Amino acid sequence: MARFFRFAERGTDLGTEVRAGLTTFMVMAYIIFVNPIVLGYSGVPGLQGKGLPFAATLTVTCLTAGVLSIAMGLASNYPLAMAPGMGLNAVVAFELVAGRGLTWPQAMTIVALEGAVIALLVLTRFRQAMLDAVPLALKRAISVGIGLFIAFIGFFTAGFVVKPDKGPLPVGLGTFDRLPAVVFLLGFLLTAWLLARHVRGALLIGIVGTTVLAIVLNGALAGWQGFPTPGAATLPRALVQWPDFSTFGRLDLGVIARLGLVTAVLVTFSIMLSDFFDTIGTIIGVGGKGGFLDADGRLPRAEHVLLVDSLGAVAGGIANSSSNTTYIESAAGVAEGGRTGLVAVVTGGLFLVAMWFSPLASVIPAEATAPALVLVGFYMMTVARDIPWDDYEEAVPAFVTMLAMPFTWSITNGIGAGFVTFSAIKLLSGRGARVHWMVYAASAAFLVYFALPLVERALA
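Residue numbers (the numbering used here): 1 to 460.
Think of the hints as simulated: they come from the structure by calculation, not from any bench.
The structure presented is a predicted model; accordingly, all values stated were derived computationally and were not measured.
Each hint should be verified, as a subset may be incorrect.
Distance windows between CB atoms, simulated [claimed, not checked]:
id : residue 1 : residue 2 : range
1  : Pro53     : Thr175    : 33 to 39 Å
2  : Pro453    : Leu221    : 41 to 47 Å
3  : Val448    : Gly167    : 45 to 51 Å
4  : Thr408    : Pro168    : 15 to 21 Å
5  : Glu393    : Ala220    : 55 to 61 Å
In this text, a Cβ means the ideal position worked out from N, Cα and C, and glycines have one as well.
Using the sequences plus the hints, can you model the full thing?
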């Protein structure tokens with residue numbers, strides 16, 4: 001095992017890799033329940049009963065995340081775990097099904113088709129060439145932007161940052177009369193202290209410790225007027241749940257006739273572009289912090305990562321779990337010291353086990369993993385020091401990339417804004433010949449992507 005995963009070469013050991021895999025799983029475990037909630041329209045007025053069944057979606061979520069994470073670890077030997085992508089699942093549920101009136105099999109066929117297109121781009125080495133063509137300053141900015149995005153997600157899911165019910169401000173500070181925000185703050189201080197003391201397994205200890213704290217406080221303060229919402233950290237009534245594979249393999253190739261060829265191509269293109277660049281951003285972000293990139297910012301053997309990732313969309317469509325993608329939360333395992341594919345194998349194995357023990361995984365509340373997400377965001381932001389801030393042609397697009405990700409809630413939007421800004425500034429400054437043609441091609445594709453709502457409205 002040590003020889004296969006190259007422990008000595010990567011400066012790691014079995015204990016560190018297993019601990020990092022467990023940390024990655026715990027940070028990603030929310031998808032086990034969030035994906036079925038999104039695809040099942042849980043709590044959405046007017047759509048109740050029209051989504052995918054919860055138990056079946058939970059099963060295929062664990063199945064695809066488990067199998068693909070293991071495949072990624074074995075094929076690439078990088079600590080990159082996979083699962084159904086947040087954002088992409090919402091596009092499938094609310095744009096394709098609820099918005100366009102597609103059936104679930106038709107929507108999942110679109111997902112499988114875009115995955116097949118991306119796989120073809122990988123096999124022709126186009127995706128690898130695009131990854132290599134990204135300017136170094138933008139690669140670093142992507143890592144920083146993803147760090148900001150992860151930190152913002154952590155603050156938001158913990159209730160520390162909220163969307164105000166009233167007033168013109170888009171966000172505000174959460175109130176501390178609610179248990180999740182209090183637990184998050186205590187967990188954040190605990191985890192930050194452990195990191196400052198250089199305690200091995202600080203993120204994992206922080207998640208477990210914060211979960212225990214949430215359970216204790218939830219039981220002690222339930223019903224107290226000072227905490228009207230005591231939180232979600234409760235012990236399950238049962239430990240085992242039998243997997244449900246009833247939705248697996250439900251596809252419908254009639255979707256092209258249903259949408260029309262032009263609309264079907266545009267819809268597939270928009271999902272493909274998001275999937276394509278989300279993964280590139282994740283590879284650059286996690287690869288940079290793990291020390292996997294070479295001097296030119298390139299990831300060795302990236303084609304293995306890209307191929308498995310593209311097959312994740314195909315598998316997600318076939319399984320009806322939505323498109324699977326490489327998770328930026330993999331950075332938590334890297335921050336814990338993980339450096340090899342064994343991290344992804346351990347994470348994948350735990351997802352497969354979770355198919356039977358999903359009630360136990362539900363014990364971990366969002367406010368327990370949020371401190372780890374915020375601190376992983378801090379960890380990823382440290383590469384900002386390597387951006388040439390005195391060179392405005394490089395720094396301004398980097399700045400736009402970093403801010404657009406958290407503010408638009410999208411890695412793809414941030415990368416697109418950065419590409420377009422970079423290309424425009426280089427052209428206007430008379431240095432356009434120095435830019436790789438693929439950067440211009442990507443910028444043009446992003447302009448189409450940003451204009452898709454107008455294009456579709458014109459074609460309607």
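Structure-based check of each hint:
no.	hint	verdict
1	Pro53 - Thr175: 33 to 39 Å	holds, 35 Å
2	Pro453 - Leu221: 41 to 47 Å	holds, 46 Å
3	Val448 - Gly167: 45 to 51 Å	violated, 36 Å
4	Thr408 - Pro168: 15 to 21 Å	holds, 19 Å
5	Glu393 - Ala220: 55 to 61 Å	holds, 57 Å
Checked against the numbered hints given earlier, the structure breaks only hint 3 and satisfies all the rest.
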